[in-house]
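Just so you know, the sequences run in chain order A and B. Just so you know, the first sequence maps onto residues 1 to 315 in our numbering. Just so you know, the second sequence maps onto residues 1 to 274 in our numbering.
Any given hint could turn out to be false.
Stated by the list, open to error - The calculated label-pair distances, taken between Cβ atoms and stated as ranges, are: (1) A/85 / B/36: 41 to 49 Å; (2) B/160 / A/230: 23 to 31 Å; (3) B/84 / A/58: 28 to 36 Å; (4) A/118 / B/259: 20 to 28 Å; (5) B/259 / A/85: 44 to 52 Å; (6) A/67 / B/137: 15 to 23 Å; (7) B/130 / A/118: 49 to 57 Å; (8) B/99 / A/54: 22 to 30 Å; (9) B/105 / A/279: 52 to 60 Å; (10) A/279 / B/137: 18 to 26 Å; (11) B/69 / A/224: 50 to 58 Å; (12) A/118 / B/102: 51 to 59 Å; (13) A/54 / B/218: 27 to 35 Å.
To be verified - Chain B is nowhere near these chain A residues, computed Cβ spacing over 10 Å in every case: (14) 252; (15) 255; (16) 307.
Bear in mind the hints are in silico, worked out from the structure with no lab data behind them. Remember, predicted model here, so these are calculated numbers, not experimental data. C-beta atoms are modelled at their ideal positions from N, C-alpha and C, and glycine is treated no differently.
For reference, the chains in residue letters:
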Amino acid sequence: MTVTPSRPVEPPRQAEPAERSPGRKDRRGDALVAALFVSPAMLAFTVFVIVPALGGLVLAFFEWDLFGTPVFVGLDNLARLFTDPAMWQALGVTALFVVLGVIPTTLVGFVLAVVVNVNMPGIGAWRVLYFTPMIASAAVSAIIWVNLYNGRSGLVNQFLALFGVDGPNWLADPTWALPALVLMMIWGALPIVIILYLAGLQRVPEDIYAAASLDGAGRWRQLWSMTWPNVWGTTVLVAVLQAVSFVSGSFEVALIMTDGGPLGTTQSLALYSYKVAFTERDIGYGSALSLFQLALIIGVVLLSRAIVRFRKERG
Amino acid sequence: MSTRLYLSLRYALVVVCGLVLAFPLLFMVSGSLKSAREISAFPQPLLPETPVWQNFVDAWDYLTPQVIGNTFVFSLGIVGLQLLISLPAAFALAKIPFRWSAVILATLVVPMFVPANLTLIPLFVVTFQLGWLNSFAGLIIPMAAQCAFAILLFRQFFVTLPPGLIDAARIDGAGWLRVLVSIALPLARPALATFCSISFLTAWNMYIWPQVVAPNPEHRVINVALAPLAGGENSVLSPAIGLAGAVLAMIPVLIVFIALQKWYIKGVVGTGLE
Chain A
1 MTVTPSRPVE PPRQAEPAER SPGRKDRRGD ALVAALFVSP AMLAFTVFVI
51 VPALGGLVLA FFEWDLFGTP VFVGLDNLAR LFTDPAMWQA LGVTALFVVL
101 GVIPTTLVGF VLAVVVNVNM PGIGAWRVLY FTPMIASAAV SAIIWVNLYN
151 GRSGLVNQFL ALFGVDGPNW LADPTWALPA LVLMMIWGAL PIVIILYLAG
201 LQRVPEDIYA AASLDGAGRW RQLWSMTWPN VWGTTVLVAV LQAVSFVSGS
251 FEVALIMTDG GPLGTTQSLA LYSYKVAFTE RDIGYGSALS LFQLALIIGV
301 VLLSRAIVRF RKERG
Chain B
1 MSTRLYLSLR YALVVVCGLV LAFPLLFMVS GSLKSAREIS AFPQPLLPET
51 PVWQNFVDAW DYLTPQVIGN TFVFSLGIVG LQLLISLPAA FALAKIPFRW
101 SAVILATLVV PMFVPANLTL IPLFVVTFQL GWLNSFAGLI IPMAAQCAFA
151 ILLFRQFFVT LPPGLIDAAR IDGAGWLRVL VSIALPLARP ALATFCSISF
201 LTAWNMYIWP QVVAPNPEHR VINVALAPLA GGENSVLSPA IGLAGAVLAM
251 IPVLIVFIAL QKWYIKGVVG TGLE
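Required output: the full structure, derived from the provided sequences and hints.
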């Protein structure tokens with residue numbers, strides 16, 4: 001398929017005389033046209049983005065099962081958050097997803113981006129292999145990895161058996177289910193990280209390497225002492241994006257593969273709030289859980305910005 | 001180390017890492033052709049002895065043409081509706097001077113940073129109140145309305161159009177709609193390719209929203225139909241049939257991705273850098 005980026009355009013010629021030329025009168029016409037152009041999108045945006053965003057805040061203060069009349073309960077739902085053991089477990093699970101997921105994804109993604117950042121015949125075709133995990137949906141990935149993780153016939157355990165390791169029944173094991181989901185999510189997240197780092201690497205000046213080779217620095221050392229500091233901006237971006245996507249991505253994957261189990265060990269905050277709202281039909285408490293997550297995310301983003309600023313001031 | 005040796009080692013590294021990353025997908029293809037006995041054998045053979053094409057027939061029967069049709073209606077509906085509402089809005093925000101454009105832009109940007117799962121409950125409540133559960137309207141319209149990305153992407157492109165081009169047409173008497181359709185749109189093909197690939201892939205791969213809003217068989221989409229097959233050993237079907245279904249689900253996105261890869265990646269990088 002070919003798409004030509006641009007082609008010459010003939011200005012449409014039409015016999016309609018000068019009375020429509022730009023002028024004072026025309027401005028009001030412009031405003032009217034602009035309003036017409038903007039209003040369908042703004043109507044949709046208001047009903048399905050702004051109203052839900054504000055509605056989420058309001059719902060957290062009500063008790064509602066979706067069918068009866070909502071009852072105002074003040075801060076009850078928010079207070080319940082802190083005395084709910086399932087919430088604390090889910091908070092811990094969410095933190096584990098982020099901690100176990102973000103750091104390996106970022107480091108491995110960086111190294112792989114450097115690996116494919118090379119000009120050789122056929123590199124375009126090979127890069128497609130690197131990018132394809134990105135287009136597998138959560139359900140497709142789940143079907144693949146459930147087979148790979150199968151305790152008996154799964155290829156993961158067969159691979160481990162080559163080294164004499166007797167692998168667990170991954171997804172049914174309270175200790176190993178979460179790391180198994182994290183590994184699968186890292187696999188799905190790597191392509192985007194590689195793409196972002198590839199873009200970042202284009203901006204690293206070539207000449208710094210020439211000086212380094214003269215100094216006799218090995219390629220592995222160059223990688224960490226020259227390339228890595230030069231893509232720091234990309235790293236911060238990748239880490240923030242990945243933190244958010246591990247918080248929300250773990251929800252979809254765990255819902256499909258483990259339903260939060262075994263024993264709640266893969267039930268993140270997002271999944272817990274989903275279950276409270278849609279299985280127990282407790283809309284108010286589910287909304288409170290979402291609100292709590294939003295507060296956490298804002299906290300993490302502010303913290304990361306503070307860290308960036310701190311580093312800038314120092315160096 | 002000689003340069004030549006380095007280059008061949010480097011090439012080998014590129015290939016090996018690529019194969020490791022693609023392994024789960026290669027397994028999906030190979031597994032989709034295994035017999036029920038092979039897929040659950042210990043040790044499991046890497047490749048089927050003879051490809052079992054029947055798995056694809058069974059997967060097709062399980063998914064049903066209706067589900068596949070629904071998924072196309074759902075995905076293309078979202079892409080089409082987003083184009084319809086975002087293009088004029090983006091054009092007006094970029095090229096027609098009017099008082100509210102700054103306010104609208106600011107409003108669009110803010111919610112982009114809130115992950116979708118946090119507004120899932122209230123979005124569901126709104127859709128429920130509209131009486132749109134188990135309908136294509138409920139599936140498509142609330143998702144198409146998440147159009148901030150589309151508007152900002154197209155606006156960014158329209159802003160770069162030279163003002164002279166548009167002024168000339170305006171002086172010739174062309175109305176704004178005509179300027180949009182016959183001047184701006186033909187030039188916007190790169191932005192259109194970026195948007196359509198990202199929007200189609202996102203919509204096709206959606207699971208949570210269709211699962212929540214329209215789980216009934218008449219409106220079921222492919223990922224909702226596939227998800228129960230990831231139950232592993234609990235499933236009645238052979239896991240190989242599940243893998244065949246996964247292959248079927250990936251074919252449309254793979255075609256779109258390979259055809260529009262360059263523009264898709266540009267979009268991913270662009271959103272990341274904003």
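Each hint tested on the structure:
| no. | hint | in the structure |
| --- | --- | --- |
| 1 | A/85 / B/36: 41 to 49 Å | 42 Å, holds |
| 2 | B/160 / A/230: 23 to 31 Å | 28 Å, holds |
| 3 | B/84 / A/58: 28 to 36 Å | 31 Å, holds |
| 4 | A/118 / B/259: 20 to 28 Å | 25 Å, holds |
| 5 | B/259 / A/85: 44 to 52 Å | 50 Å, holds |
| 6 | A/67 / B/137: 15 to 23 Å | 21 Å, holds |
| 7 | B/130 / A/118: 49 to 57 Å | 53 Å, holds |
| 8 | B/99 / A/54: 22 to 30 Å | 24 Å, holds |
| 9 | B/105 / A/279: 52 to 60 Å | 39 Å, violated |
| 10 | A/279 / B/137: 18 to 26 Å | 25 Å, holds |
| 11 | B/69 / A/224: 50 to 58 Å | 52 Å, holds |
| 12 | A/118 / B/102: 51 to 59 Å | 45 Å, violated |
| 13 | A/54 / B/218: 27 to 35 Å | 33 Å, holds |
| 14 | 252 | 6 Å, violated |
| 15 | 255 | 8 Å, violated |
| 16 | 307 | 18 Å, holds |
Figure legend: structure checked against the earlier numbered hints; hints not met, in rising order: 9, 12, 14 and 15.
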